[in-house]
Each structure stands twice: as C-alpha cells, then as structure tokens.
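Undergrad: Given next are the chains, with one letter for each unit.
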Amino acid sequence: MISRRDFLQTSMAASAILGASSFGNWSRLAAQQALTQDQLLQFDTFGNVSLIHVTDIHAQMKPIYFREPEINLGVGDARGQVPHITGAQFRRLYGIEDGSPTAYALSYDDFSSLARTYGKVGGLDRVSTVINAIRADRPDALLLDGGDTWHGSYTCYHTQGQDMVNVMNALKPDAMTFHWEFTLGSDRVLEILEDLPFAALGQNIFDAEWDEPAEDFQPYEFFERGGTKIAVIGQAFPYMPIANPRWMFPEYSFGIRDERMQEMVDEVRAEGAELVVVLSHNGFDVDKKMAGRVSGIDVILSGHTHDALPEPVLVGETIIVASGSNGKFVSRVDLDVRDGRMMGFRHKLIPVFSDVIAPDPALTAVIDEQRAPYEAELSEVIGTTDSLLYRRGNFNGSWDDLICQALIEERDADIAMSPGVRWGPSILPGQEITREDIWNVTSMTYGQAYRTEMTGEFIHVILEDVGDNLFNPDPYYQQGGDMVRIGGMGYRIDITKPQGERISDLTLLKTGEPIDTAKTYVVAGWASVNEGTEGPQIWDVVESHIKKTGTVVVEPNASVQVVGA
Amino acid sequence: MQLTRRDTLALGLGAAALTLLPFRASASVEDKISAFTGGATVGEGDITLTAPEIAENGNTVPIEVEAPGAVSIMVLAAGNPNPDVATFNFGPLAGSHAASTRIRLAGTQDVVAVAKLADGSFIQASSTVKVTIGGCGG
Chain H
1 MISRRDFLQT SMAASAILGA SSFGNWSRLA AQQALTQDQL LQFDTFGNVS LIHVTDIHAQ
61 MKPIYFREPE INLGVGDARG QVPHITGAQF RRLYGIEDGS PTAYALSYDD FSSLARTYGK
121 VGGLDRVSTV INAIRADRPD ALLLDGGDTW HGSYTCYHTQ GQDMVNVMNA LKPDAMTFHW
181 EFTLGSDRVL EILEDLPFAA LGQNIFDAEW DEPAEDFQPY EFFERGGTKI AVIGQAFPYM
241 PIANPRWMFP EYSFGIRDER MQEMVDEVRA EGAELVVVLS HNGFDVDKKM AGRVSGIDVI
301 LSGHTHDALP EPVLVGETII VASGSNGKFV SRVDLDVRDG RMMGFRHKLI PVFSDVIAPD
361 PALTAVIDEQ RAPYEAELSE VIGTTDSLLY RRGNFNGSWD DLICQALIEE RDADIAMSPG
421 VRWGPSILPG QEITREDIWN VTSMTYGQAY RTEMTGEFIH VILEDVGDNL FNPDPYYQQG
481 GDMVRIGGMG YRIDITKPQG ERISDLTLLK TGEPIDTAKT YVVAGWASVN EGTEGPQIWD
541 VVESHIKKTG TVVVEPNASV QVVGA
Chain B
1 MQLTRRDTLA LGLGAAALTL LPFRASASVE DKISAFTGGA TVGEGDITLT APEIAENGNT
61 VPIEVEAPGA VSIMVLAAGN PNPDVATFNF GPLAGSHAAS TRIRLAGTQD VVAVAKLADG
121 SFIQASSTVK VTIGGCGG
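Chains as they are written, first to last, in our numbering: chain H, 1 to 565; chain B, 1 to 138.
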C-alpha cells in the first residue's frame, strides 16, 4: 500500500506544486509530552507570503474545552473522505499517537481525561501571541477572519457584537467574511461596517431586490505583500436567508454563485493578481466542489463546518485549509509565489493550548474590559454536571440532550427540537455550569422557545427536510447545519436514501409507541427562523431546568438509529 | 395534511404546500415541450440556465437563461401545478439572447429551459431548485 507520505508527495508533484506540512513535526514533539510554546509555534519561514487564518470563533474570547465530533458522516463523493473521518480512524490517517496532545486537540475519544491532562484551548489573548509570533517572522503576514465571529456569547449578545469587534480590531485582521454576523440585523451590521478598519468581503452578497452585488460589501481586496499582488475574494455563508431568519436582513440575498466567483477570479487575475485566496464560509464539502468548478484559485481558507485538518486538502491546484473553530486553532500558510503563480506552500495547524501558549497581556486587558460590566452575571454558578457536555455530532450531543430535556420538562411537551448548530464549547464531568456556559451554547438573537402542536406526519416532513439539508449527496444542496436534535422521540435514518425515504420508525420514547401520522403532539423547540415567534428565551429555560436539577446527568443517547454510515 | 397557522409560524414554513417527495415532472411538461418543438428531438448545447441550488424564498426565485443564437426560449417549472413560466422570443436584431425573471415554485423541482435555434434545432438545460423549510444553520 502506498504510504500517506508517498501519496502526499505524489499528488503534489502531479499538480506541480511543492508543498509541506509541519504537522508531522509537532505530532512527534507532542508525543514526547513536552509541549512548549516554542514547539507549538516553531515554523521554518518559507517563500515570500504568509497567511494567518482564524474562523468560526463564535465570540469565545476566553479559553474553553471543545470536543471534536464523533459522528461526522460524509455522503456522495465525500463519503469516507476528510473531514468525514473521526476518532481512531482520523488518528491513523495522520499518524497521531493515541493519548497525545494532538489526539486531544483533533479527535473526540477519551476527551474528559485528556482534557484534564492538557487543559483548555483557545482564548483570543493566546491567539494574539500566535499571531504576534508569525508577524515577528513575517511582519506583513495577512490575517484573515472567516466569520462567525460576532456571535455566540453572553457579552456578544448584550453588546450586539461590540465586544468581539473591539477584541478582533485589536488583533488587526486584514479582511473578513460573514455568516452569523447578519443575525445581529442588517442595520447593526452596517453600523459596525462604518468603522471597520479592514475589508468586509463577500462576492456572493447581493441586493435582494435587484439581484445585483450589494454595495455594502466588496467582492475582493488587493494586498501587496512580499512583493506579490494578492487578491483575497470573500465568500459569505451561501444559505443565510434559509438557515437563519431572513427577516433580520431582508435587503440581502446570498447563494453559492460560483459563476460569479469565476468572474471575480478572472477579473483579479486580469488586474495582475499573482495569488488568489478565497476567504470562505461555504463549509468544507462546498469548498471542495467549488475548487473543482472554479479555476484559478490558489488557496481556499475554509470555514463554517468547524473542521480542523492538520494538512491542506488538494483539489487540482487549489489547496483548501480548514482551521477549526472557537479559537482552538490558528492556521499558518506560507507560500512561495513567483512568476505570477503559487510554486509551493508550507502549512501548520497550530493548536492553541491555553496552558502552554502565554496570553498576550495587551489582549487580555481588552478582553477583560469587555467582560467587566457583566462579570457577576457571567460567573454565577447555576449547577454542576456529572456528564461531559458537548454539542458536535451529526445527530445529537449531550448539551442538546440536556436542552431538549429542559424544553420537555419546563414547557410540558411530548417532543423537543433543538437546532443542529455546530458552535458551543464543552463542559467536563464534575465542572460547575455557569450562566456564561449556558449562553455559550444558546446565545442568539432569535432564541425564543416556542411550544406548538404538530401532527406525526408533519414531524416526519421536518426530519426528511432537515435530513436532506445534511445528507443530500450534492454538497451544493446541503443547507449548512447538522441534523435537528430531537428529545422525547427516536427514529431511524438511512443516509444513503433520497429525501422522503431516509426517516422511519418514529417512536415516542415516553410510551414506546410508534408516532401516529394523524395524531397531534406537543412540540417545544427554539431558534425558529420565523418572525414573531413567542416564548421564553432558551437560556432562561435551560437555566431554570439546571437550577432545579442541581447536578446534571445526561445518559448516552441511543434514540437515533443510523443506517448506511 | 392539516396545518394550523401556529405550526407554520413556529417552523418557518412558507406559504407553499409541502409534501414528502420532491415535485415530479408531470406528463404535461413533456406535452408542452413537444408542442414547442413540434416533436423534434431536443439536444444539449450552448444554453445556460442559472438558478439557485436552494431557493431563499420559493415565492420569488430568480432565474436567468441564455442561449446565443436562440429564436425563442421556453421556461417551465416542471413541478408546478401549471408548469408554464414564460416563452421569450428574440427578433433578428436582438443584441443578446438572454432573459431573467423571478418565478414561484410550489416545492423542490426541476426548472427546464428549451431553446429554439435559428436553424430550427432545439437544445435544453435544466436545474434542480430545492425549496426547504429552513432553520438549523450551523
């Protein structure tokens, strides 16, 4: 069998790009369990251009725990391909030793004990130290933020994103693209944009009324770095008005619009761009497909699906870099650009181990300043947990199991539904749950918890609809999230089937009886995309439930039977 | 299927009816194409139909069709109760052979465009547009 090393060299030689990843190096060092900041940041500066990529921070300014998914299934061409490989299989693929810091950072199993050994990850003051180190090597490195930045915490909600704007501005990015930012409402987004000291990019952000490129966002920005003319083209999340409430930003239309992406690439090349970088919030599989359809892109910095990959994925002559989420990773990509083309690259996915990388005091001060007015509310202990609380996974996570249980009990419902979002840090067994922790997994501008009646047939329709948004074999038809999480009901899903045939065996758990298509059930849920949804805020529902429970225990969830994985 | 107003409000379901299966092309679509082509074979060629993969709003879906050299282009929404959308005719002095409009789609379905070229031959393109409940955006 061809070794992975051979494969990498072969595939890169075939496309005439010489590339290297420093991944193997820090993996070996990590195995020695002698992790130092110098080792994490070690990088032999290469070529003439450096890119720094952060994405999907979801307003996590402080160190957190973040468990990567166990279940992340690919369908169609993505089946069995990264990022749809997890756990031991993932570690074998990249030669990661079990129990190593790398295993802790990039895979899910044994998470609680490894988390106790290696500590928290992220924290934007640590991220700042990483960025400063890269800028020390290469002062004109480009810092690019893939979006989902101004969303996801108590302070972000209460300041309408201003806390994150202030902290990110201190990191001095060069450009950014968008997704959840729009759920602040278009007025607020435009207000922030007025003073934004860097480029706000999105070639696929259109005026909804005229179906023309929106004037408030540039499609691309040019940079002169290392004697090289670089074009950074933005690609915002394509399915914003579908996955999130359209009424919050009615002026804008999105979509993948890869034909316009091609036009933009051709346009910047015609204007002399020697390196074309796409700062994308498409999600990994969409980026992979786009890389195969749009020619002339050198680097796609991929966001949205929160994947952390230790090596770029090569599609034709385009490299796709995935940099994780929640401030857990920073990607550094050094490029050798000569004679108008990318001749080679060196890449490193830098895990931000919070106890190893020293915080940058300047950023700590900025972060503390944002949090100070809210410190008492943030730190209030609501309960404790005996179970590991995490979110990521295609079908459920223990955080959502807990949220669904809260909805069923607090809202007196038969069935609960929780949206399949990917953000939200993890809490270790034995840890206290603070108000901040609850907000970290629930905060949004449309958090009202509805209570309604639905027929069994309608519940089935919803599951089929959301299932197709995740498991349609064509990534362009995948809408963006994981499966809606269900409490109080079990079902079977065959991910290889088409829409309408995937879901079966719906069972009401409290009676063990099959769901009757004609019967009506009381359903409680949150994050409806419809305007005027009424109900208490989900964080209040969850807080009330945890307060009553005291110590939370979440049993393993076996209510979803998956076929065809 | 019974749907209360509450249900639709809670779920973000549009006014469009929703069924378990994507809307299939009806026999009338074949008939309409035959009527347009006079029964001639429809091939593939230089015709571009641009439509979103997933509709942001099924009630107003922007589409664009272009077929250089076309005399006329017929657009059908194969899954609508009445598939007729429009037929665009281009005179000999037409500067471009493209048209764009917005259409209403009852559910997930194929949009089909058939162009008649100056030599009397026909070419076709189609694109699947998904209409979805929405929500759950990662």
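Do not take every clue at face value.
[Unchecked claim] Covered, in the sense of this in silico footprint (three residues per stretch, anywhere, with C-beta under 8 Å from a C-beta of chain H), are these stretches of chain B:
id, stretch
1, 47 to 53
2, 71 to 77
[To be verified] Ranges of calculated distance between the beta carbons of each label pair, as one might list FRET restraints:
id, chain 1, residue 1, chain 2, residue 2, range
3, H, ASP216, B, SER127, 43 to 51 Å
4, H, GLU531, B, ALA40, 46 to 54 Å
5, H, PRO473, B, SER100, 25 to 33 Å
6, H, THR496, B, SER100, 15 to 23 Å
7, B, ARG104, H, GLU191, 45 to 53 Å
8, B, GLY38, H, THR496, 55 to 63 Å
9, B, GLU44, H, PHE222, 46 to 54 Å
10, B, SER121, H, ASP207, 31 to 39 Å
11, H, GLN39, B, ARG104, 55 to 63 Å
12, B, ASP84, H, GLY95, 57 to 65 Å
13, B, PRO81, H, ARG338, 35 to 43 Å
Simulated from the structure, these hints should not be mistaken for lab results. The model shown is predicted, which means the values in this text are computed figures rather than measured ones. Ideal Cβ positions, reconstructed from N, Cα and C, are used throughout, including at glycine.
Undergrad: All the hints need checking, so say for each whether the structure fits it.
TA: Right, here's what the structure says about each hint:
1. Only residues whose C-beta sits within less than 8 Å of a C-beta in chain H count toward coverage, and the stretch 47 to 53 of chain B has 3 of them, enough to reach three; the restraint holds.
2. A count of 0 residues in the stretch 71 to 77 of chain B with a Cβ less than 8 Å from any Cβ of chain H is obtained; the coverage claim is therefore unmet, three being the minimum.
3. For H/ASP216 paired with B/SER127, a C-beta distance near 29 Å fails the hint of 43 to 51 Å.
4. Taken as a hint, the range 46 to 54 Å holds for the pair H/GLU531 and B/ALA40, whose Cβ atoms sit roughly 49 Å apart.
5. In this structure the hint that H/PRO473 and B/SER100 lie 25 to 33 Å apart at CB holds, the actual value being about 29 Å.
6. For the hinted restraint 15 to 23 Å between H/THR496 and B/SER100, the CB-CB distance of approximately 37 Å leaves it violated.
7. For the hinted restraint 45 to 53 Å between B/ARG104 and H/GLU191, the CB-CB distance of approximately 34 Å leaves it violated.
8. For the pair B/GLY38 and H/THR496, the supplied restraint of 55 to 63 Å is violated, since their beta-carbon distance comes to about 42 Å.
9. Between B/GLU44 and H/PHE222 the CB atoms are about 39 Å apart, so this pair departs from the stated range of 46 to 54 Å.
10. For B/SER121 paired with H/ASP207, a C-beta distance near 38 Å keeps the hint of 31 to 39 Å intact.
11. Hint check: H/GLN39 to B/ARG104, Cβ distance near 59 Å, so the stated range 55 to 63 Å holds.
12. Range check, B/ASP84 to H/GLY95: Cβ separation about 60 Å, and the 57 to 65 Å hint holds.
13. Against the hinted window of 35 to 43 Å, the Cβ-Cβ separation of B/PRO81 and H/ARG338 comes to about 60 Å, which falls outside the hint.
Of the hints listed earlier, those the structure fails to meet are numbers 2, 3, 6, 7, 8, 9 and 13, in rising order.
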